[in-house]
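K.L.:
So the chains spell out like this:
There are 2 protein chains.
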Amino acid sequence: MASKPSIPKGTRDFSPAEVAKRQYIIQIIKDNFEKFGFQPIETPSFENSETLMGKYGEEGDRLIFKILNSGDYLAKANAAHLESKDSTKLTASISEKALRYDLTVPFARYVVQHQNDIEFPFKRYQIQPVWRADRPQKGRFREFFQCDADVVGSKSLWQEVELVQLYDTVFTTLGLEGVTVKINNRKILSGIAEVIGASDKLIDFTVALDKLDKIGEDGVKKEMIEKGIAEEAIAKVQPLFNFTGSISEKIEKLSQLLSASEEGIKGVEELRFICDKVMNLGLSSAILDLDVTLARGLNYYTGAIFEVAPPKGVAMGSIGGGGRYDDLTGIFGLKNMSGVGISFGLDRIYLVVEELNLFPETVTATSKALFINYGDKEAFYAMKAIKDLRAAGIKVELYPDNAKLAKQFQHADRRHIPFAVIAGDKEMESNTYSLKNLVTGEQLSVDFETLKNSLS
Amino acid sequence: MASKPSIPKGTRDFSPAEVAKRQYIIQIIKDNFEKFGFQPIETPSFENSETLMGKYGEEGDRLIFKILNSGDYLAKANAAHLESKDSTKLTASISEKALRYDLTVPFARYVVQHQNDIEFPFKRYQIQPVWRADRPQKGRFREFFQCDADVVGSKSLWQEVELVQLYDTVFTTLGLEGVTVKINNRKILSGIAEVIGASDKLIDFTVALDKLDKIGEDGVKKEMIEKGIAEEAIAKVQPLFNFTGSISEKIEKLSQLLSASEEGIKGVEELRFICDKVMNLGLSSAILDLDVTLARGLNYYTGAIFEVAPPKGVAMGSIGGGGRYDDLTGIFGLKNMSGVGISFGLDRIYLVVEELNLFPETVTATSKALFINYGDKEAFYAMKAIKDLRAAGIKVELYPDNAKLAKQFQHADRRHIPFAVIAGDKEMESNTYSLKNLVTGEQLSVDFETLKNSLS
Numbered sequence: 001m002a003s004k005p006s007i008p009k010g011t012r013d014f015s016p017a018e019v020a021k022r023q024y025i026i027q028i029i030k031d032n033f034e035k036f037g038f039q040p041i042e043t044p045s046f047e048n049s050e051t052l053m054g055k056y057g058e059e060g061d062r063l064i065f066k067i068l069n070s071g072d073y074l075a076k077a078n079a080a081h082l083e084s085k086d087s088t089k090l091t092a093s094i095s096e097k098a099l100r101y102d103l104t105v106p107f108a109r110y111v112v113q114h115q116n117d118i119e120f121p122f123k124r125y126q127i128q129p130v131w132r133a134d135r136p137q138k139g140r141f142r143e144f145f146q147c148d149a150d151v152v153g154s155k156s157l158w159q160e161v162e163l164v165q166l167y168d169t170v171f172t173t174l175g176l177e178g179v180t181v182k183i184n185n186r187k188i189l190s191g192i193a194e195v196i197g198a199s200d201k202l203i204d205f206t207v208a209l210d211k212l213d214k215i216g217e218d219g220v221k222k223e224m225i226e227k228g229i230a231e232e233a234i235a236k237v238q239p240l241f242n243f244t245g246s247i248s249e250k251i252e253k254l255s256q257l258l259s260a261s262e263e264g265i266k267g268v269e270e271l272r273f274i275c276d277k278v279m280n281l282g283l284s285s286a287i288l289d290l291d292v293t294l295a296r297g298l299n300y301y302t303g304a305i306f307e308v309a310p311p312k313g314v315a316m317g318s319i320g321g322g323g324r325y326d327d328l329t330g331i332f333g334l335k336n337m338s339g340v341g342i343s344f345g346l347d348r349i350y351l352v353v354e355e356l357n358l359f360p361e362t363v364t365a366t367s368k369a370l371f372i373n374y375g376d377k378e379a380f381y382a383m384k385a386i387k388d389l390r391a392a393g394i395k396v397e398l399y400p401d402n403a404k405l406a407k408q409f410q411h412a413d414r415r416h417i418p419f420a421v422i423a424g425d426k427e428m429e430s431n432t433y434s435l436k437n438l439v440t441g442e443q444l445s446v447d448f449e450t451l452k453n454s455l456s
Numbered sequence: 001m002a003s004k005p006s007i008p009k010g011t012r013d014f015s016p017a018e019v020a021k022r023q024y025i026i027q028i029i030k031d032n033f034e035k036f037g038f039q040p041i042e043t044p045s046f047e048n049s050e051t052l053m054g055k056y057g058e059e060g061d062r063l064i065f066k067i068l069n070s071g072d073y074l075a076k077a078n079a080a081h082l083e084s085k086d087s088t089k090l091t092a093s094i095s096e097k098a099l100r101y102d103l104t105v106p107f108a109r110y111v112v113q114h115q116n117d118i119e120f121p122f123k124r125y126q127i128q129p130v131w132r133a134d135r136p137q138k139g140r141f142r143e144f145f146q147c148d149a150d151v152v153g154s155k156s157l158w159q160e161v162e163l164v165q166l167y168d169t170v171f172t173t174l175g176l177e178g179v180t181v182k183i184n185n186r187k188i189l190s191g192i193a194e195v196i197g198a199s200d201k202l203i204d205f206t207v208a209l210d211k212l213d214k215i216g217e218d219g220v221k222k223e224m225i226e227k228g229i230a231e232e233a234i235a236k237v238q239p240l241f242n243f244t245g246s247i248s249e250k251i252e253k254l255s256q257l258l259s260a261s262e263e264g265i266k267g268v269e270e271l272r273f274i275c276d277k278v279m280n281l282g283l284s285s286a287i288l289d290l291d292v293t294l295a296r297g298l299n300y301y302t303g304a305i306f307e308v309a310p311p312k313g314v315a316m317g318s319i320g321g322g323g324r325y326d327d328l329t330g331i332f333g334l335k336n337m338s339g340v341g342i343s344f345g346l347d348r349i350y351l352v353v354e355e356l357n358l359f360p361e362t363v364t365a366t367s368k369a370l371f372i373n374y375g376d377k378e379a380f381y382a383m384k385a386i387k388d389l390r391a392a393g394i395k396v397e398l399y400p401d402n403a404k405l406a407k408q409f410q411h412a413d414r415r416h417i418p419f420a421v422i423a424g425d426k427e428m429e430s431n432t433y434s435l436k437n438l439v440t441g442e443q444l445s446v447d448f449e450t451l452k453n454s455l456s
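Residue numbers (the UniProt record's numbering), protein chains in the order written: chain A, 1 to 456; chain B, 1 to 456.
Keep in mind the hints are simulated off the structure, nothing from the lab. Treat the hints with caution; some may be incorrect.
Pair ranges (Cβ atoms, derived) [said to hold, decoys possible]:
#, chain 1, residue 1, chain 2, residue 2, range
1, B, ARG296, A, ASP425, 34 to 42 Å
2, A, GLU442, B, GLY282, 28 to 36 Å
3, B, VAL207, A, ALA403, 39 to 47 Å
4, B, ILE203, A, TYR300, 56 to 64 Å
5, B, GLU119, A, ARG140, 50 to 58 Å
6, B, SER285, A, LYS138, 46 to 54 Å
7, B, SER259, A, LYS407, 32 to 40 Å
8, B, GLY441, A, MET279, 37 to 45 Å
9, B, ALA365, A, ARG12, 32 to 40 Å
10, B, GLU119, A, LEU444, 42 to 50 Å
11, A, ARG62, B, ALA315, 44 to 52 Å
12, B, HIS114, A, LYS138, 47 to 55 Å
A few chain A residues facing chain B, derived, Cβ under 8 Å [stated by the list, open to error]:
#, residue
13, LYS4
14, ARG12
15, PRO16
16, PRO40
17, PHE46
18, LEU74
19, THR91
20, GLU119
21, ALA133
22, GLN159
23, PHE332
24, ARG415
Here the structure is a predicted model, which means the values were calculated and not measured. We treat Cβ as the ideally placed atom computed from N, Cα and C, and that holds for glycine.
Based on the sequences and whatever the hints tell you, model everything.
P.N.:
So, in structure tokens, the structure goes:
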């Protein structure tokens, strides 16, 4: 191979420092998932195609990575589709498996397949990569991790309360104070659609309303009218154009606005329960906000809808989202399984934590000391200490070769190893070690116990 | 979908208990990799096909999972191969990417691609899944994890010494005492081939010799002769048929046997250095053994060869292996990069640890206590305690629904949650909690501090 090797577009190599930082975030998410009673599962990277196809809409089907059948796959290829060179139709006969596109559908499949072994309500978390044949762009990758926590088998709104607390706890632990957990409810949106008498225009309505800060009330109304929403309909929801105040005040406004819609009122009640409990129990650093423009995959959620915005001042899209879906497993034939869950956006959280300089320095810590190699006799003396230090849980290394001293010290420097241990004839005779602090340059002659304590 | 969903053959779902046990093993491997100075990297799940194809032999090429190009892949398909229905040849024009087959080739690609950013010698570890379209059978899967540690950029034999220590430390920490770390050297094998004057028969020779325990000296010699190895050649290596004694004695025998082979002598010297250092530094529980029949992918390794056998009495193949390869990155155009590494076989280690009942009970520990749900008022009281307990790092849960008590206690029982916390009118009045030990049935009335201490 003549040219330098590369990796497919939209994928990434992670260096040691990057892996360490990602693991730091993942570990905090995991620890808190478990503290809240969620248990881990893992599913295969590829699923049977019929498990995934048709679950994410036409666009989703297109973006799912398909795996070519092994062996003589053309032998079983559909002759007509091959003849007509119809790629889309041919796929089904030459590809039986596809890479996971998200964690929700595999979770639904898992629940149905293992329903007899699962104790419900089932609180599961799953942190695994997913793959999408999206056009790669800044912050969008073809392989990325999802970190999901879902509860299936209970309609209790206490779950929603806990999920807001879970967001608060994770982001506070990460030092990301002041995230906004936005909450809405699908039934509120349905209620609004009912009141304005234009269910089919609901998305146009929320998209326009979401621009209130940017283009002002007149601009929003103009856009709504352009989209075909009647002026009288807009007048009916006038309070939404001045939708400020505390959450309680907002809920009060919604309660009046949606009084004619049975579903809308149900949404208001759900919101009231969740917000009331969350506020009374208190949040550590997150801000709860009721956002009636929040829609996120409208056709998916049936109750609460969540989205998390980074702390103010950070220019970044949502770093988490989720909601309630009343029929998670219906697609696989198991009815009446309500689910509610949230997801953490690892890549974006990483960028925000990096931007705010919140990764602890210890995260990328490498070995504590490099033992300088003066030759086999000295290396053997060093290895005896190294073995005992490692047994005490201390990360230490021997420079493998008897290279020039400058090179060995440069290696320690470039790897940000804070100490060098020098052990030559003099040290071996006195059964000591010279411990050099590579930051200050200070050098001490120490016995093993002192060495161990200094590096602990 | 009418029928129950399933997963592709050769793949697995992992339940919470299985994930916890796998993570327990992986964490011990990771901790020790880092203690020995190895740093983590991660590479994409799929690579460009040209990175992988041709690196694992013809059989390997066949077993690599290929990803179908997105969109109208037939538009760019090779017309002639399509016409002749040649699946193997067509693949290159309809598939540009393939799933990782092992971690070594992606690592070599990583080293070459990032050579300017890497500080050598580079000690990296990588724990990620790989995929092979092998025929699934007991203990062989189409998706499985590899756990590799390699050093690249140094020929120092101290690396081999440390890798034996690393095996010893990991398996001792897992409680798997008494594993045998078998060591051999490619140069010893070349020396034997030279001495018997039959390089092309080397594999036949070692395969036959490996059966010494089973079929005896006569049986082995008979097989060798059947394979076309001359009787006089066999006579020259007669000492190998009685190859017992300590490692030093074995090395002495080899030294005499291979005295005519320059390469063989070099192999003996390498073995002597490694074994001498390992023995003098001491192992915690592993047994080092020199096994001249050990060949493992003969064409791959150039120096030391390792393989780890489980403790005696456990019927299981090797649970680890590795070795030295002088030209790791040559396939990608970077010459003179010697590498040495070892791998841990996660699935088999799991089975052995399970069989010997060595998983600590705490590994699969779920929540410490389930708070019984008596209704919203009581649940709110419970949630205040739950919030504070979680803040103290204690895993606790509220049963989400106000279900029948029997059902809630059954849930705790089935999930092996050891305590239930009961908080009804009586407890709320006195600001206490009734803590019930679900194993002994004992129930105590406690204040929050006592509750916290009891569950810590």
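K.L.:
Can you let me know if the beta-carbon spacing of HIS114(B) and LYS138(A) is within 47 to 55 Å?
P.N.:
violated, 21 Å
K.L.:
Evaluate the given range 56 to 64 Å for the C-beta pair formed by ILE203(B) and TYR300(A).
P.N.:
holds, 58 Å
K.L.:
Answer holds if the nearest beta-carbon of chain B is closer than 8 Å to that of LYS4(A); otherwise answer violated.
P.N.:
holds, 6 Å
K.L.:
Restraint: ARG415(A) near chain B, CB-CB cut 8 Å. Satisfied or not?
P.N.:
ARG415(A) check passes; min Cβ-Cβ to chain B is 6 Å, inside 8 Å.
K.L.:
Look at the Cβ atoms of SER259(B) and LYS407(A) and judge whether their distance stays inside 32 to 40 Å.
P.N.:
Given range 32 to 40 Å: holds, Cβ gap about 37 Å.
K.L.:
A closest beta-carbon separation below 8 Å is what the hint needs, so does ARG12(A) meet it against chain B?
P.N.:
Hint holds; ARG12(A) Cβ to chain B Cβ min 7 Å, cut 8 Å.
K.L.:
Quick one: are GLU119(B) and ARG140(A) within 50 to 58 Å, going by C-beta?
P.N.:
violated, 31 Å
K.L.:
Is it true that the C-beta distance of ARG296(B) to ASP425(A) lies inside 34 to 42 Å, as the hint says?
P.N.:
For ARG296(B) and ASP425(A) the Cβ distance comes to about 40 Å; the hint holds.
K.L.:
Given PRO40(A) was flagged as interface, is its beta-carbon under 8 Å from a beta-carbon of chain B?
P.N.:
Holds: closest Cβ of chain B sits about 4 Å from PRO40(A), inside 8 Å.
K.L.:
Starting from the hint 42 to 50 Å, judge whether the C-beta atoms of GLU119(B) and LEU444(A) obey it.
P.N.:
Violated, since GLU119(B) and LEU444(A) (Cβ atoms, about 26 Å apart) do not stay within the stated range.
K.L.:
Let me know if the C-beta of LEU74(A) comes in closer than 8 Å to any C-beta of chain B, holds or violated.
P.N.:
holds, 4 Å
K.L.:
Using Cβ atoms only, decide whether PRO16(A) comes closer than 8 Å to chain B, and label the hint accordingly.
P.N.:
holds, 4 Å
In this structure, the earlier hints numbered 5, 10 and 12 are contradicted, and the remaining ones agree with it.
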